[in-house]
Amino acid sequence: MAEAEESPGDPGTASPRPLMRDLKAVGKKFMHVLYPRKSNTLLRDWDLWGPLILCVTLALMLQRDSADSEKDGGPQFAEVFVIVWFGAVTITLNSKLLGGNISFFQSLCVLGYCILPLTVAMLICRLVLLAGPGPINFMVRLFVVIVMFAWSIVASTAFLADSQPPNRRALAVYPVFLFYFVISWMILTFTPQ
Amino acid sequence: MAAADELTFHEFEEATNLLAETPDAATTSRSDQPTSQGHVAVAVGSGDSYGAEDEVEEESDKAALLQEKQHQQQQPGFWTFSYYQSFFDVDTSQVLDRIKGSLLPRPGHNFVRHYLRNRPDLYGPFWICATLAFVLAVTGNLTLVLAQRRDPSIHYSPQFHKVTVAGISIYCYAWLVPLALWGFLRWRKGVRERVGPYTFLETVCVYGYSLFVFIPMVVLWLIPVPWLQWLFGALALGLSAAGLVFTLWPVVREDTRLVAAALLSTVVLLHALLAMGCKLYFFQSLPPEHVAPPHQAASLPTNIPLSPTLPRSMAPS
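Chains as they are written, first to last, in full-length UniProt numbering: chain A, 1 to 193; chain B, 1 to 317.
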């Protein structure tokens, strides 16, 4: 991420321009995930702010209340965090070990940004759950989660598949599928207490 | 043709020198075992009696040995990244082939010799274990959902801690048991001085691929018919254990009968324990919960849902 020079006469004031520039870069990458097409923006100017924001949002929405029983409920904040980051690192290592020519942080960036559809699904699920229980409620949530899961997979493979030799593409894509499947499962089974 | 003979003779010498230098290349020399039949051997050059092996298989083994020779000439140190890259040097078709080989074990085809061919990989064991752990947790949770639909007095919860338990137990099984097995076989090799056992990675590979058949078994356990579940469990366990036994048999039959029988039965027993543990922990039939605090549910019988319990305010589903 590019630095901006501050005016040397004001050491105390932080210039707002780097923050706006970074936010714009993050927003641009969100757009690239929502409308995936072959472009190098996510790979070229990678950053990890977007994945961090998404992961924190998702973990905050997914965590169970502290008053809930410790043994039987949904994941804690730390568990979601660990699954997302540990999973992304494992997939990146796997991709590199198979001989892919993508760098470590580029791959983390792509995997993190492609959680965006699933975070949107989590938001929708929480809103739908406010309407009360019922089988229609469940079908709506199932449909939303399936659509967003497919969107995440398509978005990430659009960026990641080209970096592998063609006879190993399936080997590199399968862990991505498993990763987003686990996150979708956590979203679908979320039950507010 | 003298020139051709000279060339083949030279090749044979070079290969045997290389084999002598690298003792953990999983091959055996045939020269001191005239009575072994169709054993785990890779013969280069003019072989006399191949025992039960086909000519075609000898040719492909020869090609594999040459490839292995080139492969081993550039073995980097274990602190470099390319050392670990050599364990992921597989194609999609090879992984699928190995999975098919583990699903259909045949008595003559040793998994290690036939499918691995001195190129064990870590991709298969690692991702099969990961898939199995997550599938266990997901289907265990799904059984709870389905049970709750049939009997609304059962309290549903996501049970996320089961993911951790599944992951740790599967990975420990798939890595510690091969370690113990490999250590034991090496110790017996030291005692008997006969056959070279498999390398550690090959043992891990065999165990990892043999766990693949548990994945469809776990998914089929969603069907809530008890005798069907035990049937599927027995089938999958039979296939998986057969694969392990057929792979270990050539190594172990050189040993005394007692040790061979004890080792094979321990392997099968551990595998059976794993399958039963999965069934009992992740797919237990659940006690219904009173409105009273849940830790008093231990006083209830486990299999009979009590109808007079008030249904709790359920989690919306």
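Calculated from the structure, these hints are not laboratory results.
Take these hints with a grain of salt, some might be off.
Listed next, the stretches of chain B that the computed footprint assigns to chain A, with coverage defined by at least 3 CB atoms under 8 Å from CB atoms of chain A [stated by the list, open to error]:
hint, region
1, 90–97
2, 146–159
3, 212–223
Even for Gly, the Cβ is constructed at its ideal location relative to N, Cα and C.
Against the structure, the hints:
no. : hint    : in the structure
1   : 90–97   : holds (count 5)
2   : 146–159 : holds (count 4)
3   : 212–223 : violated (count 0)
Comparing the model with each numbered hint stated earlier shows that hint 3 is the single one that does not hold.
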